[in-house]
Amino acid sequence: MQLQALPGFRDFFPADHTIRTHIFAAWRTVATRYGFEEYDGPPLEPLELYTAKSGEEIVGQLYSFEDKGGRQVSLRPEMTPTLARMVAARANGLRKPIRWFSIPQLFRYERQQRGRLREHFQLNCDLIGEPGPGADAEVIALAIDVMRALGLTAGDFKVRLSDRRILEALLRHRQQSDAQVAVWHQVLDKLARTPDAVSRQKLREAGVADADADAIMGLAQAKAWEPLAAPSLAAASASLLEVVRLLNVMGLGDYVEPDFTIVRGLAYYTGTVFELFDTRGELRAICGGGRYDSLVGAIGGADLPCVGFGMGDVVLGELLKDRGLLPSTDARLDVFVATVSEQDRADALALAHELRDAGLSVEYALAPQALNKQLKHADARGARCAVVIGPDDRARGEVQVKDLASHTQLAAKRTDAVGAVAALLAR
RNA sequence: GUGGCUGUAGCUCAAUUGGUUAGAGCGCCGCACUGUGGCUGCGGAGGUUGCGGGUUCAAUUCCCGUCAGUCACCCCA
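Here the first sequence is numbered in this note's numbering, starting from 171 and rising by one per residue.
These are computed hints drawn from the structure, not numbers from a lab.
None of the hints are false.
Cross-link-like lysine to aspartate or glutamate pairs, in silico, DMTMM-like; alpha carbons within 25 Å at most: (1) 238 to 215; (2) 360 to 384; (3) 266 to 315; (4) 266 to 208; (5) 238 to 248; (6) 546 to 504; (7) 393 to 452; (8) 543 to 562; (9) 543 to 524; (10) 360 to 280; (11) 393 to 427.
Quantities reported herein were computed from a predicted structural model and do not represent experimental measurements.
Input sequences plus hints: build the corresponding full structure.
Below, the structure written as structure tokens:
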């Protein structure tokens, strides 16, 4: 049996790693553009960090074990508890609001599916210390701009936006019991992929009156903001409507649509919740987030309101691939230095090093090789330019500088070789 | 964790009703090509047909198990 990566874990061959780097670069660029600072924490944490606040159901999905010191530990399944601890530890000394982002590798022990592995990288952006809707709009705009930076448009994805307080108000207004509320969450979460009759049946079994079911379903499935103006919802929806207004002002209105069926699995969300989906509905959520005003207090004692999101690299990568937006994964070399004879090798090494000192990516044949083989290799490596050094050139104090794309070649003084190459590459 | 489908070369795939030496394209290496690359031609390496067992004169093909992938559940960073 061959040794291979564990199920749900990935080997990143150079071509794969290029894609990963491409995504990370967009994440860092846009987060930095929004004034966010990068942080990180340990990939391995005490098990209690997650069992204490995330609920017992999540323990089954933790990649946890006992370490050699007898400690119960877990690979991190999410970044937010670590963030909450770090922020709480220095809460008094940090200027608010705090804008932090991280790109942690996260783990879960679960059977894998398309877009869901046992390991992935996730951009986490959190804005801490600002309770108002301005912060919510800011992080949502950040998520949208990450997608735009990768070449995706409003035709490719949408932000589905809601606020937990709206559903709560709906249910409270209709006096649903706690057990019924739980059923509602389940039903609404999978409404789009479930036949209507099945949903209705579930609600009936939970003792929800048909009249209540009609009313709540009707509002929950609304595809417009207008129903939020109803007097019974006005207080609960004021924040969300302001978030929408701000996004419109930023010019990002096209990317946002209402979806009051968004529930989000994590228990700690308290207000705004949102998810990013591909418009064709082929993939699972690309990004999810929302407001969690009590978590930092619960973990670290400091009472700080937060809003943030996580965006994973797996589904995002699938989407970019489907839309033909992946970067070229070919290696790009600036210069290949080729020799005609073994007597040219010393000059070739010296020149290659000068070119590397000038910041160029340079290769040469490590062992003696025919010139045509070297140039073929230069071509295969995607080099823009080749420098050929032979006995005749050396006798004249020259080198030949070739533009591999245009098949042109010109002689340059050996003393000016770096300048000649730089000039060619600048074209 | 439950169920369906699928496992053949590095990749994408062939192989007749079960039939004797498992093929092709791409990629890789070499030669034509001892001071000039993309093309072309020729050659080569690379497989325990995922693994284990069973049926059969004979298994890539049929059956069982197992591992892995995938899809749907459960659930969702």
